[in-house]
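> For this one, chain A is given, so just place chain B on it according to the hints.
There are 2 protein chains.
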Amino acid sequence: MSELFTVTAADGAARAGVLRTPHGEVPTPAFMPVGTKGTVKTVDPDELRGLGTTILLGNTYHLHFRPGEDLIAELGGLHRFMGWDGPILTDSGGFQVFSLAETRRIDADGVTFRSVYDGSVARFTPELAMAVQASLGSDIAMCLDICPPVDIGRAELAEAVRRTTLWATRQRAVPRPDGQLLFGIAQGSSDPELRRRSIAELSELDLDGYALGGLAIGEERGVMFETTAWGAELLPSGKPRYFMGIGDPEGVLEVIDRGVDMFDCVLPTRTARTGSALTWEGRLNLRNAGFARDPRPLDEDCTCPACARFSRAYIRHLINQQELLGLRLLSLHNLRFLLELTANARAAIEQGRLAAFKAEALGRLAAAV
Amino acid sequence: MSELFTVTAADGAARAGVLRTPHGEVPTPAFMPVGTKGTVKTVDPDELRGLGTTILLGNTYHLHFRPGEDLIAELGGLHRFMGWDGPILTDSGGFQVFSLAETRRIDADGVTFRSVYDGSVARFTPELAMAVQASLGSDIAMCLDICPPVDIGRAELAEAVRRTTLWATRQRAVPRPDGQLLFGIAQGSSDPELRRRSIAELSELDLDGYALGGLAIGEERGVMFETTAWGAELLPSGKPRYFMGIGDPEGVLEVIDRGVDMFDCVLPTRTARTGSALTWEGRLNLRNAGFARDPRPLDEDCTCPACARFSRAYIRHLINQQELLGLRLLSLHNLRFLLELTANARAAIEQGRLAAFKAEALGRLAAAV
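For the protein sequence lines, the chains are A and B, in the order given. Using my numbering, read the first sequence as starting at 1 and increasing by one per residue. Using my numbering, read the second sequence as starting at 1 and increasing by one per residue.
Here chain A stands alone, though its shape is the one from the complex:
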């Protein structure tokens, strides 16, 4: 039996590897496009595959409320429901409970909040988070964690770490489908002792992989990267390391360089909704009048379907006229930009030249701004 995760090359702290899931292998580092409500906004599964997507993220919170995990299970599980036969990671819903609800009440057993859909009172527990993800049938499930705001006091942060460990212990004991992996989420913000404690406690549970949670939520970026560096180093080296919620090109390079294997972000599709494209010339706002007659593709070096065929002028016209094809073309492009950047970083790691690759990429991106 082959291992779940194999590191195939290392370059400094960075590594290239392969993660094995019931729906196929994921070469790492891997960027995971976010299919919040069972779809990566505007994009279909064939396009995702064509862009180089190897694993998707689905949001347990949203799918639990709409259309509900029972309905999805009845229709054959999330893969079949959304027509994607590759690997899927589902988050635990915890982040949405803590970011979408205006108020919530945490007790020893779980968290009570109001649904963002209809305001009704809802409750998540580690057992429910596992049951929902089991019904969805994702390849990788995440433990329900407590993600406190960045400005929380230390006592509360310590309490969040303590409960996150207890909840992971409980969730691990809940039955799940054969082959479904379970990842833990380390909390502790940038507090050296608390983050270390969270990692140590979760590591003892021997989960299939580990995420650094509670980062990229408003803390200073230097601190975030520093925490990522020592946090990743403390995590079990034979398990995949997942940084939750980073998708800007610079940030992606920084966390890969610090030993992160997986990451997700809504940035590509959210940036598209603002009418902007990620490019090696920087972030282009297509609404700018300067693009009105620009015959060039979004990015000269890009191989995405939008750049293969359409001009900046055309995409600007679509965006200005609220034509959905414009949003779709920008989404395709932005996803491809990050997927290609990640694939190229992986190749650089394999060839032992990540430092040079990163320096060159950061230089181009910095010159563009």
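One or more hints might be untrue.
[To be verified] Short derived list, chain A residues pointing at chain B, Cβ under 8 Å:
1) Thr39
2) Glu74
3) Gly83
4) Arg293
5) Pro295
6) His317
7) Gln321
[Said to hold, decoys possible] What follows is a list of derived Cβ distance ranges for each label pair:
8) B:Asp70 to A:Thr303: 29 to 37 Å
9) B:Gly24 to A:Glu281: 31 to 39 Å
10) B:Arg66 to A:Thr274: 18 to 26 Å
11) B:Asp70 to A:Arg287: 17 to 25 Å
12) B:Thr303 to A:Asp118: 37 to 45 Å
Hints were generated in silico from the structure; no laboratory data involved. Just so we're clear, the structure is a prediction, and the values are computed from it rather than from any experiment. Beta carbons are placed, not taken as given, at the ideal position from N, Cα and C, and that holds for glycine.
Below, chain B without anything else, positioned relative to chain A:
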């Protein structure tokens, strides 16, 4: 040199044929998806081709105001701008002038109105309508006509017919790109004498094809089909006949049966925006709770990308969550439904069995309601 239009088979009044344009041949009868603002809403050119689209319609009015024909010409013309290398027919903008503006003033020379985009005063003349379409570089240009409302008095209708002929005569004299075809539009509502006069006068201009305009604008459907029947018969038999603005499956079959070769409609994409699918079970409103757990495709007989892979339950979820992929999948399906219906009608004409084909199709559609 081959003829512009060849009738290859006839079955009663109906005919199958081939229309030759600078960007390729169009088998007729042909349904033309509408790319109002330089895009068939949510759908890309490769998808259009895959659905069996052989010719698109572009809206001169909208493209004139946004982004403007000069910009499109500078970027290589409408084909290159929107990435579609097949035939394109552009309307004259007349229909929008008469349907979108709240008021307008017609004089001998043209029509003055306010732009729907910014309320500024604008003016269309036959010369402008030709110049705009020449700049867009469409394969088929349409003459600027006067399309009066269905309840207009007879004297005004006669005046509209008179001016439509004069304007067509003027537009015909304006230079246009090599190979660009020019179609006239017969008016006259359902008035036997006026419609006949319009057709006779326009026929003398020996244009490349003829449309029946001023129908499907609110008149009784029986009257519309009757007018179509005798109107089509009066049109030159060696030229393509275009019914402007019909797209419901029953209506499409009726006009094909009466000798119409081409037609366009926004119905497939507009129906998609209401969350509905055209099927052999009738028009399905995906918002209905009955589809919540329905694992079937939109239509069991359909070969579109939506039906190949996704359930009604999934598409309903997308529509309910305002996910744009839902709108896109419904658009793909509805376009395919009409394109396939039209292609099958053509095959039936070639085999001399249109009456049986139509009766069976209408029977299925009627049973569904």
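> Indicate, hint by hint, whether the structure satisfies it.
Against the structure, the hints:
{"no.": "1", "hint": "Thr39", "verdict": "holds, 5 Å"}
{"no.": "2", "hint": "Glu74", "verdict": "holds, 6 Å"}
{"no.": "3", "hint": "Gly83", "verdict": "holds, 4 Å"}
{"no.": "4", "hint": "Arg293", "verdict": "holds, 6 Å"}
{"no.": "5", "hint": "Pro295", "verdict": "holds, 6 Å"}
{"no.": "6", "hint": "His317", "verdict": "holds, 5 Å"}
{"no.": "7", "hint": "Gln321", "verdict": "holds, 5 Å"}
{"no.": "8", "hint": "B:Asp70 to A:Thr303: 29 to 37 Å", "verdict": "holds, 31 Å"}
{"no.": "9", "hint": "B:Gly24 to A:Glu281: 31 to 39 Å", "verdict": "holds, 36 Å"}
{"no.": "10", "hint": "B:Arg66 to A:Thr274: 18 to 26 Å", "verdict": "holds, 20 Å"}
{"no.": "11", "hint": "B:Asp70 to A:Arg287: 17 to 25 Å", "verdict": "holds, 20 Å"}
{"no.": "12", "hint": "B:Thr303 to A:Asp118: 37 to 45 Å", "verdict": "holds, 38 Å"}
Checked against the numbered hints above, the structure breaks none of them.
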